[in-house]
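Participant: Sequence:
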Amino acid sequence: LAQVANSLPNFSCEGEAPANAMASQGATLQNYNNELVKSIEDLREKREELNRQILKEEEDKAKIQKELSILTDRLQKVNESLVRKTQARHEYDKTIQETEGAYMKILESSQTLLHVLKRETVNLTKSKAQV
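Residue numbering for the sequence shown is 1 to 131, as defined by the UniProt record's numbering.
Just so you know, these hints were derived from the structure itself, not from any lab.
Please read all numbers here as calculations on a predicted model, not as lab measurements.
Please note that the accuracy of each hint is not assured.
[What the hints assert, rightly or not] The list that follows gives simulated cross-link-like pairs (lysine-lysine, DSS-like), each with its CA atoms no further than 25 Å apart:
1) Lys61 x Lys46
2) Lys105 x Lys94
3) Lys46 x Lys56
4) Lys63 x Lys85
5) Lys105 x Lys118
6) Lys66 x Lys77
7) Lys118 x Lys128
8) Lys66 x Lys56
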């Protein structure tokens, strides 16, 4: 306040006619009034610009939240699908492993059967030759 008071012109009437002093004071007051109105108008313009920016960012925020919600739902569905497919793949692996194991036993049995058959054929051929 002291700075403002010191910056105000001296309104004393010394050395001036009272009418001139009043006119000078009125002109000064009018200048201050004009500057004050302009400053308030500038502040209002800045506030309006800031308000437009806030509204735009709130719209962006709402849009992003909606997109995030959609993406979150999609992510959940993909995760659930991955769980199901991973379980199915595990079942395939298990079935393949069991089938390969059984097939190997069949191959071993076939090989054993073939050896037995060849041996018996040789034995039959020998015994037939002896008769």
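Participant: Which earlier hints can't be squared with this structure?
Facilitator: 4
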